[in-house]
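Residue numbers (the working numbering), protein chains in the order written: chain A, 11 to 76; chain B, 98 to 311; chain C, 3 to 431.
Be careful, since some hints might not be right.
To be verified - Below, simulated EDC-like cross-link-like pairs (lysine to aspartate or glutamate); rule was C-alpha separation at most 20 Å, straight line:
no.	chain 1	residue 1	chain 2	residue 2
1	C	K276	A	D57
2	B	K305	C	E291
3	C	K342	C	E291
Said to hold, decoys possible - Derived DEER-like restraints, expressed as beta-carbon distance ranges:
no.	chain 1	residue 1	chain 2	residue 2	range
4	C	P42	B	S264	20 to 28 Å
5	C	A420	B	T257	56 to 64 Å
6	A	T27	C	P215	30 to 38 Å
7	C	R129	A	L19	32 to 40 Å
8	B	G170	C	L397	38 to 46 Å
9	C	T196	B	E182	28 to 36 Å
10	C	R129	B	Q119	57 to 65 Å
11	C	S299	A	F15	56 to 64 Å
12	C	P42	B	P117	29 to 37 Å
13	C	T191	B	S264	20 to 28 Å
14	C	M84	B	T257	36 to 44 Å
15	B	V216	C	P42	32 to 40 Å
16	B	E182	C	G166	23 to 31 Å
17	C	G14	B	P112	44 to 52 Å
Simulated from the structure, these hints should not be mistaken for lab results.
Every residue, glycine too, gets a C-beta built ideally from N, C-alpha and C.
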Amino acid sequence: MTNLFLGNLKYWLYGLTLLGGAGVAEWRGYSFTSINEHQVAPKSVRDNPGAYRSHYSTYTRYSGGK
Amino acid sequence: MNPLAGSDRFRGNCPNCGAPIQFTFLQAVQTVCKFCQSVLVRQGVDLQLVGKVADPLIDASPIQLGTEGQYGGQAFQVVGRIVYEYSGGRWNEWYLAFSNGTFGWLSDAQLEYAISFPVQSTAPAQATRGVQVALGKELFTVTTFTRARYIGVEGDMPFTTWDKTESNFLDLRSANQRFATVDYSEQPPLVFTGNLVDYDELKLRNVKQFEGWQ
Amino acid sequence: MKVRAIECPNCGGSVELRGYSHSLSAVCIQCLTVIDTSHPQLTILKQLQDANRVRPLLPLGSRGRFGGKLFEIIGMQERQIMVDGTTYSWQEYLLFNPYAGFRYLSVYRGHWNFIEPAKGLPETTTRLGKPALKYQGETYRHFQTAEAETSFAMGEFPWKLEVGQKVTVKDYIAPPKLLSEEITADEVTYSVGTYQTGEEIAKAFALTTPLPPATGVFANQQAPAANLGSAWSTFVLLLLGLFVLSIILKVISRNEVVFDQRLHYSSADKESAKVTDIFELKGRTSNVEIESETDLSNDWMYLDMSLINTETGQAWDFGREVSYYSGTDSDGRWTEGNPKDSVNIPSVPSGKYYLRIDPDMSDDAGLHSASYTIKVTRDVPKFWLLWLAVPLLMLPALWRTIKRGTFETQRWAESDYATSSSSSDDDDD
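Please model the entire structure based on the sequences and the hints provided.
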């Protein structure tokens, strides 16, 4: 029985690391997909939901100019 | 009772050269004079000259007359020898006297050893390689068919060989390392069964020395 | 007993017989004549050609220890077989000890074998439908049947050397052992070989220069990979661990519904965007699942949503298209789409949140309306990361199996059974 652990030591280390990593990721709620996350001033949206636009987060400011 | 002990072993003088002869065991009927290589057969109380060993029988087998060893928990001594020659060379059959009064043969072919003992068994009139044969209640397969000539003898024999010239022999083996041989030089054929052995197993003493080898 | 020398009947050169009277033939090193030494009247058996001369890897006369016994090399043969028009040759060295007798060393492409005569008789059997021999409790699978002949030789032999004569040899394997069967009309002999590496042989003979390295895989060479069974057992145990981990994660997840409301939309509405009441997301940073269930029938709806933290102002924007169509045609009833939708937002910190929802439907002439339920669940156990771990966990065992498979394919490539779909069964363990 001990041979199972000793003879496959690298396998066990790899496997347990993998499980540990997957467990932590699950626990923290990680994911590969991400929903657009950004900061926005809260007050204005609550009072005027219609004015809020998602491009507040996705719009890239013009960075050209002299 | 040790067959090699006792003063009741046959004594006499070589009819050819006069040298003193003493058989090493009670049942011996044939011997070879160490001095003049005459083959002598015991006839009652006399020794009869029947032939001469022409060929020098010195070979490279580590076993010689007087070699002692152990097999099956019993000690043995080499008391006789027959040398055969066939198309593939020569081999020795050493006659062994065991301390418990039994006798056996040590086959020595190219330093591959086997010990066998005579058994009462019928043997087929003939057989070829690969044939299965039942000998002494065991099943064997023929591994070798040999036609061989009697080249010479040494020491004491329980039978006479001087009138034997050429004969067929079968070597047989079984799965559990058992060994058997059938000797067609007599009618009915002689059957022997035994085992293949390693040199070390026999714990041999008083063997030939080789220069440069321990 | 001393070693004696004979005089070559061809060139008169001195030929030492280190095998004493056992040597029935010897090759004169000076003129390559094979001499019959079985009788004092020396005769010539064959004349070897210098063109076939082979340089031995182990010098004749050198001594090495095997199984505690000292052996001296007194002869060497170059032997060959012809398979599918190709000649394969190897060397066989004759080892001699005046007491223990004769042994052999064979070498092929850097792979060595220590060979001794078999004691018992093997039994004929089969293994996986192929011929096999059972010897001393082990089953040896048939590897190759070929006709071998000696093409060149040096030194002495305890038989009359026949150059050019063919003898049928059958090889059976049980790595690291090899069982050889040589059959002639009157005789069958069995010998057992044990695989040796070049390093082991060089060590036995205390060679100063290393021997040629091994190439390819030899018949009775042991596979280097570790026990496959234990690798797969490790995988199964890790899988079990993964299962246990899933149970733990499921148990500690909150799976708490924090918002559940039925809302309505009509294309007649002027301003459709709305915000929900504030709800609290408790516990550690974890995911949030937002499910929408609509009563759409042959229509579509677009939900532009944002999850906003009241304290930090963090917002997550996402848009979901939901559509559902159904009808009947010649094949019966059909449906397309799904009136339900679900989205998972990862790593949302705890705090007070609300949703901003801006639904939209087709802006064509007709009136489009729908009712929809929005349900927000905190910390939903999602296992897809763990599912991803399953193939990753399998990789090492799979890799080992593949490596073993390629090793075994290479092994059997030189056998009588070399096909594209060669056996991947274990010859080891």
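Structure-based check of all given hints:
1. For the proposed pair C:K276 and A:D57, the alpha carbon gap of about 10 Å is at most 20 Å, so the pair holds.
2. Only pairs whose Cα atoms come within 20 Å are accepted, and B:K305 paired with C:E291 is rejected, the gap being roughly 94 Å.
3. Proposed proximity of C:K342 and C:E291 is supported: the alpha carbons are some 13 Å apart, at most 20 Å.
4. Take C:P42 and B:S264: their Cβ atoms lie about 25 Å apart, and the range 20 to 28 Å holds.
5. Taking 56 to 64 Å as the suggested C-beta distance range, the pair C:A420 and B:T257 conforms, at roughly 59 Å.
6. The hinted range of 30 to 38 Å is satisfied by A:T27 and C:P215, whose Cβ atoms lie roughly 36 Å apart.
7. The hinted window of 32 to 40 Å between C:R129 and A:L19 holds, with their beta carbons roughly 33 Å apart.
8. Taken as a hint, the range 38 to 46 Å is violated for the pair B:G170 and C:L397, whose Cβ atoms sit roughly 59 Å apart.
9. The beta-carbon spacing between C:T196 and B:E182, approximately 34 Å, falls within the hinted interval of 28 to 36 Å.
10. As the Cβ distance of C:R129 to B:Q119 is approximately 60 Å, the hint placing it in 57 to 65 Å holds.
11. Between C:S299 and A:F15 the CB atoms are about 60 Å apart, so this pair conforms to the stated range of 56 to 64 Å.
12. Separation of C:P42 from B:P117 is about 32 Å and conforms to the stated range, judged on CB atoms against 29 to 37 Å.
13. Distance hint check for C:T191 and B:S264: the Cβ-Cβ separation is about 22 Å, which falls inside the suggested range of 20 to 28 Å.
14. Roughly 52 Å separates the CB atoms of C:M84 and B:T257, a value that falls outside the hinted 36 to 44 Å.
15. For B:V216 paired with C:P42, a C-beta distance near 39 Å keeps the hint of 32 to 40 Å intact.
16. Between B:E182 and C:G166 the C-beta distance comes to about 25 Å, which sits within the given range of 23 to 31 Å.
17. Our hint of 44 to 52 Å for C:G14 and B:P112 holds, since their Cβ atoms are close to 45 Å apart.
Violated hints for the displayed structure, listed by number in ascending order: 2, 8 and 14.
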